[in-house]
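Student: Sequence:
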Amino acid sequence: MGKETIKELLLSQADEKYRAFHLKLVPGLSLPMIGVRLPALRKIAKEISKKSLEEILAFLNSKGQYYEEVMLQGLVIGYMKCTPAERLTLIREFVSKIDNWAVCDCFCSGLKFTEKNKELVFDFLTDYFQSEAEYDQRFAYVMAMDYFLEPPYLAQVFARIDGKVLNGYYSQMAVAWCLSIAYIKAPQETVAFLKSATLDDFTYEKSLQKIRESLRVSPAEKEKIKAMSRKQKRED
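To convert, note that position 123 of the sequence shown is 123 in our numbering; the numbers rise steadily by one, no gaps.
These are calculated hints, taken from the structure and not from any lab test. Be aware that a few hints might be false.
Stated by the list, open to error - Quick list of in silico lysine to aspartate or glutamate cross-link-like pairs, DMTMM-like style, CA-CA up to 25 Å:
#  : residue 1 : residue 2
1  : Lys112    : Glu134
2  : Lys222    : Asp201
3  : Lys17     : Glu69
4  : Lys50     : Glu86
5  : Lys206    : Glu221
6  : Lys63     : Glu86
7  : Lys17     : Glu134
8  : Lys50     : Glu93
9  : Lys51     : Glu8
10 : Lys112    : Glu69
11 : Lys118    : Asp105
12 : Lys46     : Glu8
13 : Lys63     : Glu134
14 : Lys63     : Glu16
15 : Lys231    : Asp146
16 : Lys97     : Glu54
17 : Lys7      : Glu55
Being a predicted model, the structure only gives us computed values, none of them experimental.
Generate coordinates for the entire structure from the input sequences, incorporating the hints supplied.
Tutor: Right under this line is the structure:
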């Protein structure tokens, strides 16, 4: 399945109504969007991942003309058969292409090999936790949220959030989302962290907001979280 064949296949799956809807959710894309739904992209990615290694690498190394081609590359990295070390090399190359939250988050959710290689992957994420680039940061915190909000990694995730300068809205929102899921899994530890952490005000308030918006948090808990608002305390 050559690059032109893949492009033709993507174009044949175009859904204009979906494109118009999704464009509103992912503003400022650097590449044009065709409008292919994620289930169709996953199906195509699985087919590509069955090709020879030479064909797969040729696709992964190609420059995408469309948003969906980049999304496909990320999905293929998750599906293809290779060693953990080989996959991490491909991941590092791909992360540099990420320039929107949708590709980032979909890519992270597809890296299921992490479940069996947690120590290796967490060590790999160190550079991204330390990075000042917005989407490097988002990649690290979405990966943390998807795979590492449990002992012995939870405290290490908190440590990498505390005092971190988050460079951009999408990295800030990734941390807020991560902390809201951490609260679901470990409420006492997460509240203790939020009370002591040196988060910027925006990320802190968004973390509380996302916790309160969760359907898995009781009304009584939501009131306690609301009372932790720095803004409210200043107003009082």
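Student: Could you run down the list of hints and mark each one as holding or not?
Tutor: For each hint, the structure was consulted:
1. Lys112 to Glu134: Since the Cα atoms of lysine 112 and glutamate 134 sit roughly 23 Å apart, the hinted pair holds (cutoff 25 Å).
2. Lys222 to Asp201: OK: lysine 222 and aspartate 201 at ~19 Å, within 25 Å.
3. Lys17 to Glu69: holds, 19 Å
4. Lys50 to Glu86: holds, 16 Å
5. Lys206 to Glu221: holds, 16 Å
6. Lys63 to Glu86: holds, 20 Å
7. Lys17 to Glu134: It is violated: about 30 Å lies between the C-alpha atoms, which goes past 25 Å.
8. Lys50 to Glu93: Roughly 21 Å separates the two Cα atoms, so the pair holds.
9. Lys51 to Glu8: holds, 18 Å
10. Lys112 to Glu69: Answer holds: lysine 112 to glutamate 69 is near 21 Å, not above 25 Å.
11. Lys118 to Asp105: Given that 25 Å is the threshold and the Cα spacing comes to 18 Å, the pair holds.
12. Lys46 to Glu8: holds, 17 Å
13. Lys63 to Glu134: Holds: lysine 63 and glutamate 134 sit about 22 Å apart, inside 25 Å.
14. Lys63 to Glu16: Distance of about 24 Å is within 25 Å: holds.
15. Lys231 to Asp146: violated, 29 Å
16. Lys97 to Glu54: Holds. Lysine 97 to glutamate 54 sits at ~21 Å (cutoff 25 Å).
17. Lys7 to Glu55: Holds: lysine 7 and glutamate 55 sit about 15 Å apart, inside 25 Å.
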